[in-house]
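Below are the chains, spelled out letter by letter.
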Amino acid sequence: MIKKTLIKFLRSGLNTSLQGAPINNLQHLGITTSGPMDNFLSKIGNISLDNQEETLCFEICRLGPKIQILEGIFIFLISGNVNFDIISEYKLIKGRCNQSYTIKKGDKIDIKTTINSNYGYLIFKGQLEDKIINNLSSSILSSSLGVNQGKKILDSDEFRLSTITNFKKRKLDINIQKYYKNIIRVLPGPQMHYFKIKNINKFFNKKFKISKNSNRVGIRLLENTIKSTLNNNISSEGIIKGSIQIPGDGNPIILASEHPTIGGYPKIASIIMTDFAKIVQLEEGTDVFFEAVNIETAEKEYFKLKKLLKNLKKNIVYLQ
Amino acid sequence: MFNTYIQTSEQSYLLDYGNKIDINTNKKVISHFNYIYKKKFFFIKNITPSFNKILIHFDPNNKKNVINLINKLKLISILDDIHSSKHIIQICYDEEFALDYKKIEKVFSLTFDEFTIKHSSQNYHIFMIGFMPGLPFLGLLNTKKLLPRLENPRLSVPKGSVGIVDNLSVIYPNDSPGGWNIIGKTKFKLFDSNKNISLLNPGDSVVFEIVTKKIFNKND
Numbered sequence: 001m002i003k004k005t006l007i008k009f010l011r012s013g014l015n016t017s018l019q020g021a022p023i024n025n026l027q028h029l030g031i032t033t034s035g036p037m038d039n040f041l042s043k044i045g046n047i048s049l050d051n052q053e054e055t056l057c058f059e060i061c062r063l064g065p066k067i068q069i070l071e072g073i074f075i076f077l078i079s080g081n082v083n084f085d086i087i088s089e090y091k092l093i094k095g096r097c098n099q100s101y102t103i104k105k106g107d108k109i110d111i112k113t114t115i116n117s118n119y120g121y122l123i124f125k126g127q128l129e130d131k132i133i134n135n136l137s138s139s140i141l142s143s144s145l146g147v148n149q150g151k152k153i154l155d156s157d158e159f160r161l162s163t164i165t166n167f168k169k170r171k172l173d174i175n176i177q178k179y180y181k182n183i184i185r186v187l188p189g190p191q192m193h194y195f196k197i198k199n200i201n202k203f204f205n206k207k208f209k210i211s212k213n214s215n216r217v218g219i220r221l222l223e224n225t226i227k228s229t230l231n232n233n234i235s236s237e238g239i240i241k242g243s244i245q246i247p248g249d250g251n252p253i254i255l256a257s258e259h260p261t262i263g264g265y266p267k268i269a270s271i272i273m274t275d276f277a278k279i280v281q282l283e284e285g286t287d288v289f290f291e292a293v294n295i296e297t298a299e300k301e302y303f304k305l306k307k308l309l310k311n312l313k314k315n316i317v318y319l320q
Numbered sequence: 321m322f323n324t325y326i327q328t329s330e331q332s333y334l335l336d337y338g339n340k341i342d343i344n345t346n347k348k349v350i351s352h353f354n355y356i357y358k359k360k361f362f363f364i365k366n367i368t369p370s371f372n373k374i375l376i377h378f379d380p381n382n383k384k385n386v387i388n389l390i391n392k393l394k395l396i397s398i399l400d401d402i403h404s405s406k407h408i409i410q411i412c413y414d415e416e417f418a419l420d421y422k423k424i425e426k427v428f429s430l431t432f433d434e435f436t437i438k439h440s441s442q443n444y445h446i447f448m449i450g451f452m453p454g455l456p457f458l459g460l461l462n463t464k465k466l467l468p469r470l471e472n473p474r475l476s477v478p479k480g481s482v483g484i485v486d487n488l489s490v491i492y493p494n495d496s497p498g499g500w501n502i503i504g505k506t507k508f509k510l511f512d513s514n515k516n517i518s519l520l521n522p523g524d525s526v527v528f529e530i531v532t533k534k535i536f537n538k539n540d
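Residue numbers (our numbering), protein chains in the order written: chain A, 1 to 320; chain B, 321 to 540.
Isolated chain A (complex conformation):
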């Protein structure tokens, strides 16, 4: 049975946005891929609720939103390490991540902060009304394009959605922490030869710190400057998420979900796809190290993760 639900953001949060599948086949027009910063969390959350892996969800960045249900019921799960409460008829319930909740008209979700991480995901059952969705699959906040016209969620925003009511309460039995660490595996970048061996060794042997100037466009690193010896610029070329650019000041920039489509800085390395979700979760001021791997390892890790997601449903425990 399908019912209608209306939710209202009483508080928008720091940088809450709707993210789904990456946007493909438009990079040649300057349109970036976008999508969730931590697509491991968004995928496991969606799988837990029997959604398609890349169904639209709300990405929460550090300070979360407060949401009230104005009509119908709302079935949701929070994926990540997030501190949140559910307020229902004057009762306050401490929320648990990776567990589903069904709440009704008048109830509220107060998502306070992410814990030891930057991003969490509010995954829900049901489909958003058409005017929010367009032919792009995610929001691009940096160019105001895509889902919800590329806007971040604002105070008082309301969203209408259909909700499926026959749903079994559940939790995902998984230790998420074991998938996260601050040693990030990388492949050699297309311009690694722009750097002297001494600088390449410094890149791998000395720690960096995550800068506060990190966002959905790029993650900036500090305290270990790497200078290019050949040139600070290259002829601009196509770039992908996870590439590590070295601009003239020597402080690396990791291209994130909303990266520009072409770039003119030499790229010393590229983060393997499975480790991108790890680096986006490292908070400002955290130490980070890079470890060199080869393409075979990167491919092996990609298929390992794919298998884990395929078998994830085995970890769902149904609750009374």
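Fair warning: there could be bad hints in the mix.
[To be verified] Think about it this way: if two alpha-carbon atoms lie no more than 35 Å apart in a straight line, the pair counts; the simulated DSBU-like pairs of lysine-lysine are: (1) A/K307 x B/K383; (2) A/K66 x B/K383; (3) B/K359 x A/K306; (4) B/K359 x A/K227; (5) A/K227 x B/K533; (6) A/K131 x B/K358; (7) B/K422 x A/K151; (8) B/K509 x A/K152.
Derived by calculation from the structure, the hints in this document are not laboratory data.
Since we're looking at a predicted model, the values are computed, not measured.
Given chain A, put chain B in place with the hints provided.
Just chain B now, kept in the frame of chain A:
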């Protein structure tokens, strides 16, 4: 037709068509881009042409298909298949919009009026669209002197500004930070955000048509 290629990650290959930034090299890039794009291969996520390279972003599940495609591309030269539309873009070079006209006069040893005649009396090839939605890279300005980037990039360059660096021109589709020398402004719509399409495409050509400030302001 390309010189070399490398696998840059588990999901990307970079094809290199030569070191030069020139129209002939770029035409090779665009002919291959058009070929791949039109085929709409299921295993390709994105294909990004630039001055002298193509980045193929693919699904690692289908690496064999990508290798087969690259091997096929080695043998194909389809230069006559470039779809090329010609666009006339009105530009106003008034000093109000040409924020860097003094620098232009100095570097090129011309009055700004002489420079505007030079800039508007040639065809430009669109090498690529990118960095941000709809931003075209146009070239090559017929000059021996190369204009360097601004030492201190502006925090905000107005939408529609036309900028030059070296012998390339760009048009800013939106207000944004930028380090290009600004020589004028256009009202040409570069990007349709309702349809998510760029009105210009790689390989097209552009001619700038001078309009006075009076006409420019009238065209609102």
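**Q.** Non-conforming hints, listed in increasing numerical order
**A.** Failing hints, ascending: 2, 4, 5 and 7.
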